[in-house]
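Trainee: Let the sequences and hints guide you as you build the complete structure.
For the record, the sequence lines run as chains A and B. Per the numbering used here, residue 1 is the first one in the first sequence, and the count goes up by one each step. Per the numbering used here, residue 1 is the first one in the second sequence, and the count goes up by one each step.
These are computed hints drawn from the structure, not numbers from a lab. Everything numeric in this text was worked out from a predicted model, so none of it was measured. Treat the hints with care, as some may be off.
Stated by the list, open to error - List time: in silico EDC-like cross-link candidates among lysine to aspartate or glutamate, alpha-carbon distance up to 16 Å:
#1 198(B) x 88(A)
#2 198(B) x 111(B)
#3 175(A) x 57(A)
#4 78(A) x 113(A)
#5 93(A) x 104(A)
#6 50(A) x 297(B)
So the chains spell out like this:
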Amino acid sequence: MTILRRPSNHPVSSIRPSRLCAVAFPSAVAVFITLAVALPACAQPQGGAKVGEKVPDFTLRDIEDKEHALSAYLAQGKTVVLEWFNPDCPFVKKHHQAHRTMTELEQKYRSKDVVWLALNSGGPGKQGHGLERNRAARKDYAMDYPILLDESGKVGLAYGAKTTPHMYVVTPDGKLAYQGAIDDNASPAKLGGTNYVKKALEAVLAGRAVETAQTKPYGCSVKYAGN
Amino acid sequence: MFRNRGPLAQQRICDVALILRIPPRALALSSVIVGLGFDALAGVRPLELPTLSASAPASASLDPPESLGDPVSPGSTAPAAQLRNHARARLLSETGYLAPGRTNWLALQFEIDPGWHLYWNGRNDSGYPPTLELALPPGWTLGPIEWPAPDRLLSPGDILDHVYSREVALLLPLRVPDGLTVGSTVNLEGRAGWLACKDACIPESAGISLYLPVAASADVVRDPSAVFERFRGRVPSPLAEAGGRVGLTWASERLRIRVPDARGLSFFPAEECSPLAHPIQDTSAEGATLTLRFETEGVGPLRAIGILEVRGTDPTPRWYALEATPDSRAQVLQP
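Mentor: In structure tokens form, the structure reads like this:
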């Protein structure tokens, strides 16, 4: 009954969560059965970056102090994948430790003019924040792509990033082709059968429309500053 | 005594299996194990089962185990692993007995460390709700789960979740067929999994077990720690029980909820609820009116589904299961 509020220093951008479309399907009857949650496409979430529209530009420094401007990549004709990241979140670890979802995809599409950027919008003192922590994680997780630090949370809020991971695929024209979950299994352990980012990249690179342009992201909440 | 639950109480998965601890010489049962919710249990081992045989008798006669144990068993053991978790899970029985041929109420109770929370099974921006796996023989059913009303939690970045802190008990109706031997004992075993969050989120799980003697329904022993009483009161009632106090009026994509004598209202959307255009601003207010504005693009028919919290002069709010569409008769029920 009590509404617990942690005051936020950030202006309320109209970030709205997407419709939940989770449905559980029982697997075959066996000694031990678990249920996977399928996350089919949902209605467009509101606020932040919207599929089909131009995304906000940003310039952020990575953990090696190198600057990255989204517009510069787009001007080079790159498709850009944004991966909201927190090295200590169990859902991020699912895709970087237990499995290598992100790095394998990045590697696969590197030669196809796809740039992959991890963004950490965790505030100071929050889980997974800081140069040292992210440098160590990049090494541990063998990530060949940059981790950008957004500790004020400005970029995360502009995109409406809610969870880690939360994925965005941006085409060279600056428009958002996909946003949401990396795959269709929202548990912290099991991989989904469908990787939405992979499908989006395939479609984008083939000049096709992205079939599932929008899903509800899952994971830990982004640890924005302001508590 | 037990309220008739509306659609909110209908869960996706209802069948849970029960493992009966059977001495090797006893009859074998075929059993089906189904998990509730999605697979959220990291590192869970398959439950060990007795040998399955093709033909299962309709009713099983159990030899009483060597040690009967306390009929009002507190539930799970507390292995060392549980102490590292940020919540302790127990399976409790309201009566301390299993009565054949009727509904027996169990509770999956979580005692949660201060500052940590678990998730409700409605719409949240992050996290996931607890899951329970049990094994049941044919004819036994568990569910639908009754979820108590959560607390609304708004975090920086406009992240809206609905959570449980300190304690929560999920109520589970267990239907047991006729034919169990009175005086025998049943051992319910399974595993609960959940996501515990504070600043960090940690997937946790624990084995749970409950020994229950089978008794005729005559003697009812109430759960002494009043877990059932406390949390049954937090399970939303059907809207009809508001006795006409709650007025619902649709105006195209807006639903106005009015409760004349309320001091404050909140709405917790269920997963199936149509998307809200302003999910933070519109879902909680002081006063007697709440107006939910729904998204109109690409959403299909509008359905307002969730929990309505009504705060008044009482220290405890009231909670109602809300389900309304623009087609349904405006539910301004006459007292």
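Trainee: Holds or violated: residue 93(A) and residue 104(A), Cα atoms, limit 16 Å.
Mentor: holds (14 Å)
Trainee: Please work out if residue 78(A) and residue 113(A) have their alpha carbons no farther apart than 16 Å.
Mentor: Roughly 5 Å separates the two Cα atoms, so the pair holds.
Trainee: For the pair supplied as a hint, residue 175(A) and residue 57(A), is the alpha-carbon distance within the 16 Å limit?
Mentor: Between residue 175(A) and residue 57(A) the Cα gap is close to 11 Å, so the pair holds against 16 Å.
Trainee: Verify the proposed pairing of residue 50(A) with residue 297(B), using a straight-line Cα cut of 16 Å.
Mentor: holds (13 Å)
Trainee: Would the pair residue 198(B) and residue 111(B) pass a check requiring their Cα atoms to be no farther apart than 16 Å?
Mentor: holds (15 Å)
Trainee: Tell me if the straight-line CA distance from residue 198(B) to residue 88(A) falls inside 16 Å.
Mentor: Given that 16 Å is the threshold and the Cα spacing comes to 13 Å, the pair holds.
Checked against the numbered hints above, the structure violates none of them.
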